[in-house]
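Since each chain comes alone in its own frame, lean on the hints to assemble the complex.
Sequences listed follow chains V and U, in order. So for the first sequence, the working numbering puts the first residue at 571; every next one is plus one. So for the second sequence, the working numbering puts the first residue at 1015; every next one is plus one.
Be careful, since some hints might not be right.
Stated by the list, open to error - Residues from chain U that keep clear of chain V, each with C-beta distances beyond 10 Å, as calculated:
hint, residue
1, L1328
2, G1429
3, N1550
As the list claims (entries may be wrong) - Derived pair list, reagent style PhoX-like, types lysine-lysine, alpha-carbon separation capped at 25 Å:
hint, chain 1, residue 1, chain 2, residue 2
4, U, K1032, V, K694
5, V, K843, U, K1381
6, V, K865, U, K1337
7, U, K1404, U, K1541
8, U, K1405, V, K647
9, U, K1381, V, K647
10, V, K573, U, K1135
11, V, K647, V, K865
12, U, K1103, U, K1092
13, U, K1037, V, K684
14, V, K893, U, K1260
15, U, K1494, V, K684
16, U, K1516, U, K1405
17, U, K1104, V, K900
18, U, K1268, U, K1342
19, V, K650, V, K865
20, V, K900, V, K890
21, U, K1405, V, K865
22, U, K1021, U, K1109
23, U, K1085, U, K1103
24, U, K1021, V, K572
25, U, K1026, U, K1037
26, U, K1445, U, K1404
27, U, K1032, V, K684
28, U, K1268, V, K893
29, U, K1021, U, K1043
30, U, K1158, V, K843
31, U, K1260, V, K892
32, U, K1103, U, K1168
33, U, K1516, V, K865
34, U, K1026, U, K1109
35, V, K900, U, K1337
36, U, K1026, U, K1516
37, U, K1268, U, K1337
Keep in mind that the hints were calculated from the coordinates and are not lab data. Every value quoted in this text rests on a predicted model; they were computed, and no experiment measured them. Don't be surprised by glycine CBs; every beta carbon is placed ideally from N, CA and C.
Residue strings, one per chain:
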Amino acid sequence: MKKALMPFFMVAVLALIPYVGVRYAGLGYLFGIVLPYTAMTVLICGFIFRMADWMRRPVPFCIPTTCGQEKSLDWIKQDKLESPSSFLYAAARVLSEVFFFRSLFRNTRSELHKGSNLTYGSNKWLWLGGLAFHWSLLVIMLRHARFFFIMVPDALQYLDDADRFLDVTLPAFYMTDALVLAAVTFLVLRRIRDARMRVISLPSDFFPLFLILAIILLGISMRYVTKVDVMPVKALMLNLLNFSFEPPGEIGTLFYVHLFLICVLAIYFPFSKLMHMGGIFLSPTRNQCNNSRAKRHRNPWNSDIKFRTYAEYEDDYRDKMKKAKLPVEKQ
Amino acid sequence: MSKYAPKVSELKKEFDEKPSILKGHYLDKDWWDIPVEFREGNWCFPAKPEVLESLGFANPRKWAATDLDWKLPSGWEKTISEGLKSRLKKYRSLKLFLDTCVRCGACADKCHFFLGTGDPKNMPVVRAELIRSVYRNDFPLAEKILKGFSGSRKLTAEVIKEWHMYFNQCTECRRCSVFCPFGIDTAEITMLARELLNLIGVNNNWILEPVSNCNRTGNHLGIEPHTFVQNIESLAEDIEDLTGVKVEPTFNRKGAEVLFITPSGDVFGDPGVYTMMGYMLLFHHIGLDYTISTYASEGGNFGMFTSNDMMKKLNAKMYHEAKRLGVKWILGGECGHMWRVVHQYMDTMNGPADFLEQPVSPITGTKFTNAASTKMVHIAEFTADLIHHKKLKLDPTRNDHLRTTFHDSCNIARGMGMFDEPRYVLQSVCKSFHEMPENTIREQTFCCGSGSGLNTEEYMDIRMRGGLPRANAVKHVKEKHTVNSLVTICAIDRASLPTLMKYWVPGVSVYGLHELVGNALVMQGEKKRTEDLRENPMAGFEDGEEDDD
Chain V
571 MKKALMPFFM VAVLALIPYV GVRYAGLGYL FGIVLPYTAM TVLICGFIFR
621 MADWMRRPVP FCIPTTCGQE KSLDWIKQDK LESPSSFLYA AARVLSEVFF
671 FRSLFRNTRS ELHKGSNLTY GSNKWLWLGG LAFHWSLLVI MLRHARFFFI
721 MVPDALQYLD DADRFLDVTL PAFYMTDALV LAAVTFLVLR RIRDARMRVI
771 SLPSDFFPLF LILAIILLGI SMRYVTKVDV MPVKALMLNL LNFSFEPPGE
821 IGTLFYVHLF LICVLAIYFP FSKLMHMGGI FLSPTRNQCN NSRAKRHRNP
871 WNSDIKFRTY AEYEDDYRDK MKKAKLPVEK Q
Chain U
1015 MSKYAPKVSE LKKEFDEKPS ILKGHYLDKD WWDIPVEFRE GNWCFPAKPE
1065 VLESLGFANP RKWAATDLDW KLPSGWEKTI SEGLKSRLKK YRSLKLFLDT
1115 CVRCGACADK CHFFLGTGDP KNMPVVRAEL IRSVYRNDFP LAEKILKGFS
1165 GSRKLTAEVI KEWHMYFNQC TECRRCSVFC PFGIDTAEIT MLARELLNLI
1215 GVNNNWILEP VSNCNRTGNH LGIEPHTFVQ NIESLAEDIE DLTGVKVEPT
1265 FNRKGAEVLF ITPSGDVFGD PGVYTMMGYM LLFHHIGLDY TISTYASEGG
1315 NFGMFTSNDM MKKLNAKMYH EAKRLGVKWI LGGECGHMWR VVHQYMDTMN
1365 GPADFLEQPV SPITGTKFTN AASTKMVHIA EFTADLIHHK KLKLDPTRND
1415 HLRTTFHDSC NIARGMGMFD EPRYVLQSVC KSFHEMPENT IREQTFCCGS
1465 GSGLNTEEYM DIRMRGGLPR ANAVKHVKEK HTVNSLVTIC AIDRASLPTL
1515 MKYWVPGVSV YGLHELVGNA LVMQGEKKRT EDLRENPMAG FEDGEEDDD
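Isolated chain U (complex conformation) (with noise of 0.2 Å):
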């Protein structure tokens, strides 16, 4: 394991003993006295100088979380307050959540972060006080009347290392939300700290670099046009020699009917290449005249992590890409944060998409009116409606060697609203599958621990507490129905969550949903399978054994 992280045997013993407000021991001070302590495993390495340099971005040096001065600029004080103030200006949301919140407390134990580390900053309602105890400092006449009447505080650099922490311990993932009575939504206040951070130089390189990277070469991992390429052909030739059909996707070819972009992720990252090869499958199968652009080679958008001009300025590759191939509409594949982008913010941003048409299934005929707008279609919809017609040939017994669960990825859930296509796909192309207890799925579901641009390396101890209450929950369904498969369509899920497995419920394998349906798809003209997409064998395939088909 990681030498970010205890081991799981120190963890599990401290949250049997520690005392914690979650454990209903009280605190012995407020939670303003409490200091901010970076060690170990609880920070993300800062953005490099260069990454800085090559966006534009404010302050670029050397230093660590650890350091005692973060050398933060001349004047920082005012760019905070300032930027501050210009976004009340701009965000009726952040202003409204600023004043109405009534620390109720509904929100207090929703959040993962809170959940796996006892942590009283790590309360929603908290997290949002770190801000607002600055934000009220605007009545300093009565405050020093009525010391500490209303818990403001004045901005120190103390302030801002809190910030750091805490603005990095929430993955936007909005379950509090969710709760609130009145929507106050962590994530809208988060994603706008974390503007405010980067106007200092207070930042995270696991963020900024792929940011670097998509503005750069059109993805996160700074692949250029070639590798991009030669990668996805040979997905292509594990295709071939698996299934014995030769898929053939284009690149970049103008007059396609349809783009398709998918996270970069599925491009390279195990075991998203396996979704990949899911897609690549399903299109031969139906005949999809699509096309991959190595421009607008990302779906994820680590913008939304860092600011929304910057959400903005990413995203703008898939409309400018789409008018110059000419395609009719676009195809997006399994990826959260991706969608909450392209769902509630694309076409406000970058739109209006009126060079595209309002997407029409070739396969069945069916116009996607939720889509009419924007012109871009979630894969899940796309296969279940294709599943729904009857013009896919599956045979769900070849994923019999896996037993599913579905995690909801937090943006699907929360920033979208799509539950039930791809829990329809799933049951459609594989037998087994259980549902994780009601109050962690669907619009309750936890995120994984690592959304947002926390899943590096450095910030494992951070990481595989959030996501204890999801492994938690994979734990129940694989004791109560040996569920050994973990289905999701995200691909910051996919990346993440096999080290989660290992960590909290080993045995559990993490699979994409078009994977699955990859698996179950029966091709025309393929050979014998005996393998599922990750060369595992298939449950009643054997080689050797008598075949039904």
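For reference, chain V alone in the conformation it holds in the complex (with noise of 0.2 Å):
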């Protein structure tokens, strides 16, 4: 498994330059500030720049892919979501591949049998896998606001809180943290066992699984099990939101891991096929409404292209025509 196996080792080796650059060589300025500036640098204007490399491309044409009945006759019932006729159902059918991954849902597993016989499964786990994933993250990303404010507005409270319903460990525990790492795991898993998983993944796919799960047992282990004092991370952040550049008090190394791989991911994104956040929104057979017949598409491009005009067809075959009794232009 060499494709999960350079991905690895490329994890736990960014690992250890902050274990090593913090505690042995006392880079914590350099960790703890310098680098957390040009990683959202590098993520804000990175992930600008390659939307608006997307959408400066024009789309020629008007390419739905209809997956419902279209709009036609009034007595025809249409399919308003999987093939929009307006902008809002376009909308909604884009926010419905956001939020509820509408496409996966619909996922099935082929089989051959014997006797050359074809079934197809219904199959949601990949939809299960890849929903809890990113809601979990979601959900993590914004407890994790908490370390931005002063005073933690309601709303991330009651998040938080709401995480926290099963209240069976101190400090208490986070379902999205149980239910990120079994995600990941899956995710993991079955690029390595499925055999055409195996087959299509590249060591650019196991890379950032590796690094968001060493990211997630980072946090973990700190909240859970080596306790690492909060204050000074928070103060920390505190600063670094207020653009004051004071060096940070005494944090312990495993959060100078944590924040270094999470700088890590954020200058990769804009690199990778973690793009697929912003591109989601613009594909061309999700976005666009299935009207191409009643309303024209403009292509800003439209080639010029030179046909056969019917008067150098009848050119060529007047005589044939005549005898045809085809009625003709010219005599």
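Written out as structure tokens, the structure reads:
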């Protein structure tokens, strides 16, 4: 499993860098202040650049993938979401992909049986795993916002409380921690164990998974095992947010590794497949209306093509056409 | 059976015994290390030099896919990489689809060619990776340090061979795009890949010869105007023999209300001709003021399988002819990819059609607002509206000898979204109708395996494999509901499915929807009907039996 090992070691080596850097070289300022700013700048500028780079390219044709009945005769029921004819429904279609992974929900698993019989069973595991992974990450990120506020906003507090609903450990256990761990494990394992997934996976598919897994494990160990003192962390984050360049206080090395890997993820983000986060909104097969016969879609570079005109055609076949008693323009 | 396909028993044995990732066996190497092997039955004959010359296409020469040296033009690497770059600028779709794939694997087992071959490079994600791997080579430095990290590779002649093989094992059916969480459409990638390959003379004669014919004579088969007319007139004579009714189609007639355009396969191919007879009976039945053009005598558009510019060039004839004849609107026959072009491309490419009027059915007065801009209506919409308004005298018992199921054509399904109209028409003209399993119909329909210009004899091996999922679903309803008729609304289906059925599901015949309409229509002044349009006896109408009418 060369394809999985390379990124695994990459993440391991990356994790060692801040460990050595902070513990033995005293580079707390570099890893606590300089890198986070750099990473955030790369993430934000890179993300905007990539989105702009996509958006400046034209959409020459109206090519929605129609997954339901189009709008046609009055008495035929249109599938407004899967074959939208108005902007609102096209938007709803895209958002249903973003929030609920609608297309993945359709997923089936094809199997070839004896006697060359094919079957297609419902297969929602990828949908479930993907949904658990993305939603957990979102909730975890929102939970982390508490480090950036002196007074935690109510909405965030509610979210935090809800996530700790299963009050079983001390400090209280977050459900999303378990969910995201389970989901990442599933996403990694399927790439290794499933014959088809093994073929299509690249090292660059394992890398972000391992990176995120490492970040989560470090976070979990800081919270539940080493119980890092959060006050200096919060102070550092507030400082960063206020653009005050004061050196960070005493924080455990694990935190620096956690923060460093997040910075790596942020820097890697705009250059990688992780940009699917922005791309999903732009997909022309999902965000266009299926109304191309009712309303003309314009192509900004519509090629100027010379076609064979009727006159040229008649010139070539006039005699034959006349013999066949076809009307002609010129005698 | 064709010498280009294995015997059914051999293929079945291969499916049962050969290890494949489709059945969960692990592959012992990476996909990019698997060599490309051309053998009998898995490649299409390249375009003849004279065909390329007539089109002004690149690199006319004699060659074959099995040759070691494909005689690519000098500087072909530059042609491809610049061609790719310019297309990335012109198509947001291409750029996004190359950039956003996360290789989640949802599409992997959705392709009929993957299901029929078990070939890893037929998983849609890998098909796109064939291009992505070259496209990603933009960061050679990063790739040098982390060799293999992002799976990029150099563009070599071997890669071109791989492209040729696998972009011709995609029928642009868009099934993978239904399942992709980002809507990545392999059809879009294949279309542009074929454009690139055409730039260096890597091509398929079965696509380019029809393109050349269509440009010159107006239709794929290269039928000249007088022959075109003769053939339709002979169909009219067949109708008269069968029904006693004289239908009188007109050609190139100015001032007709409607211009009717259908794939030329309906005029010349069996069983398409019976569908053509169905149209003519229908138009006669309702007294439609229509004309057929010999110049725009092709609904299909193999330009779509060549390049977007060629698609535009061939399609331009429809509007050009409609304008010359001064018709009010255009009615289109049953065809798959023709309707992808008409529905999603025509108005953008060749419009605006401001010289036409918004289509209105002259019989029912229904305004086709969904075609307000293109001014082109699908015959199934048109007929469904007629039946809904009870304007047709139909006797569905005349189709009692047929037990039907309906095959959604890929392009009609996923590139247009027309599902219910043909079903409504079918159920109005035939009493026996059974759907195939739900994962094989409507937006999840399986291609016939021969679409997008692959319906050629020398490609039989791949076609029969690619058609397996469709055949399998037909077999299911044949066994469960004794279905014997597969009804379609696509000319390529009508041409290719009979072979597929003969191979996998003997005993099932292929019909066009309007052939069944033609069977069921009770025409004014008709003689007693005992046979359907194919001259097969109709159940319950045999000679000598008492008739209710």
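Hints, one by one, checked against the model:
For U:L1328, the condition that its CB be more than 10 Å from all CB atoms of chain V is violated, with the nearest at approximately 7 Å. With a least beta-carbon separation of about 7 Å from chain V, U:G1429 fails to lie farther than 10 Å from that chain, contradicting its non-interface assignment. Non-interface call for U:N1550 relative to chain V: holds, since the shortest CB-CB distance, roughly 30 Å, exceeds 10 Å. A threshold of 25 Å between alpha carbons decides the hint, and for U:K1032 with V:K694 the separation of about 28 Å lies outside it, so the pair is violated.
Our distance criterion of 25 Å between C-alpha atoms is broken by V:K843 and U:K1381, whose separation comes to about 46 Å. Of the pairs offered as hints, the one joining V:K865 and U:K1337 holds, with about 20 Å between alpha carbons and a cut-off of 25 Å not exceeded. The suggested pairing of U:K1404 with U:K1541 holds, with an alpha-carbon distance near 23 Å, which does not exceed 25 Å. A C-alpha spacing of about 21 Å is found between U:K1405 and V:K647, which places the hinted pair at or below 25 Å, so the restraint holds.
Distance hint between U:K1381 and V:K647 is fulfilled; the C-alpha atoms sit about 17 Å from each other, no more than 25 Å. For the suggested pair V:K573 and U:K1135, the alpha carbons sit about 18 Å apart, so the restraint of at most 25 Å is met. A hinted pair counts as satisfied when its Cα atoms are at most 25 Å apart, and V:K647 with V:K865 qualifies at roughly 20 Å. Taking the CA atoms of U:K1103 and U:K1092, the gap is about 16 Å. The hint holds against a cut of 25 Å.
Our distance criterion of 25 Å between C-alpha atoms is met by U:K1037 and V:K684, whose separation comes to about 11 Å. The hinted pair formed by V:K893 and U:K1260 meets the criterion: a straight-line CA distance of about 23 Å does not exceed 25 Å. Of the supplied pair hints, the one linking U:K1494 and V:K684 holds, its CA atoms being roughly 19 Å apart against a limit of 25 Å. Annotation: proposed proximity of U:K1516 to U:K1405 is violated, straight-line Cα distance about 37 Å (limit 25 Å).
About 41 Å separates the Cα atoms of U:K1104 and V:K900, which puts this hinted pair outside 25 Å; it is violated. Between U:K1268 and U:K1342 the alpha-carbon distance is near 11 Å, which keeps this suggested pair within the 25 Å criterion. Simply put, V:K650 and V:K865 have alpha-carbon atoms about 17 Å apart, close enough for the 25 Å limit, and the pair holds. Annotation: proposed proximity of V:K900 to V:K890 holds, straight-line Cα distance about 13 Å (limit 25 Å).
Among the hinted pairs, U:K1405 with V:K865 is inconsistent with the structure: their alpha-carbon atoms are about 29 Å apart, more than 25 Å. Restraint check: the Cα-Cα separation between U:K1021 and U:K1109 comes to about 42 Å, which exceeds 25 Å; the hinted pair is violated. Distance hint between U:K1085 and U:K1103 is unfulfilled; the C-alpha atoms sit about 29 Å from each other, more than 25 Å. Restraint check: the Cα-Cα separation between U:K1021 and V:K572 comes to about 40 Å, which exceeds 25 Å; the hinted pair is violated.
A hinted pair counts as satisfied when its Cα atoms are at most 25 Å apart, and U:K1026 with U:K1037 qualifies at roughly 14 Å. Under the criterion of a C-alpha separation no larger than 25 Å, the hint pairing U:K1445 with U:K1404 is consistent with the structure, at around 17 Å. Note on U:K1032 and V:K684: the hinted pairing holds, with a Cα-Cα distance of about 12 Å set against a maximum of 25 Å. Restraint check: the Cα-Cα separation between U:K1268 and V:K893 comes to about 18 Å, which is no more than 25 Å; the hinted pair holds.
The straight-line distance between the Cα atoms of U:K1021 and U:K1043 is roughly 29 Å, outside the 25 Å bound, and the hint therefore fails. Distance restraint check for U:K1158 and V:K843: the Cα-Cα separation of roughly 20 Å lies within the 25 Å cut-off, and the hinted pair is therefore satisfied. In summary, the hint linking U:K1260 to V:K892 is supported, as the alpha carbons are separated by about 24 Å, within the 25 Å threshold. For the hint pairing U:K1103 with U:K1168, the CA-to-CA distance comes to about 21 Å; that is within 25 Å, so the pair holds.
This hinted pair does not check out: U:K1516 and V:K865 have alpha carbons roughly 43 Å apart, beyond 25 Å. Taken as a hint, the U:K1026 and U:K1109 pair is broken in the structure, with Cα atoms around 40 Å apart against an allowance of 25 Å. A distance of roughly 17 Å separates the Cα atoms of V:K900 and U:K1337; the hinted pair therefore holds under the 25 Å criterion. As the CA atoms of U:K1026 and U:K1516 are separated by approximately 15 Å, the hinted pair is consistent with the 25 Å bound.
Between the alpha carbons of U:K1268 and U:K1337 the distance comes to roughly 10 Å, so the proposed pair stays at or under 25 Å and holds.
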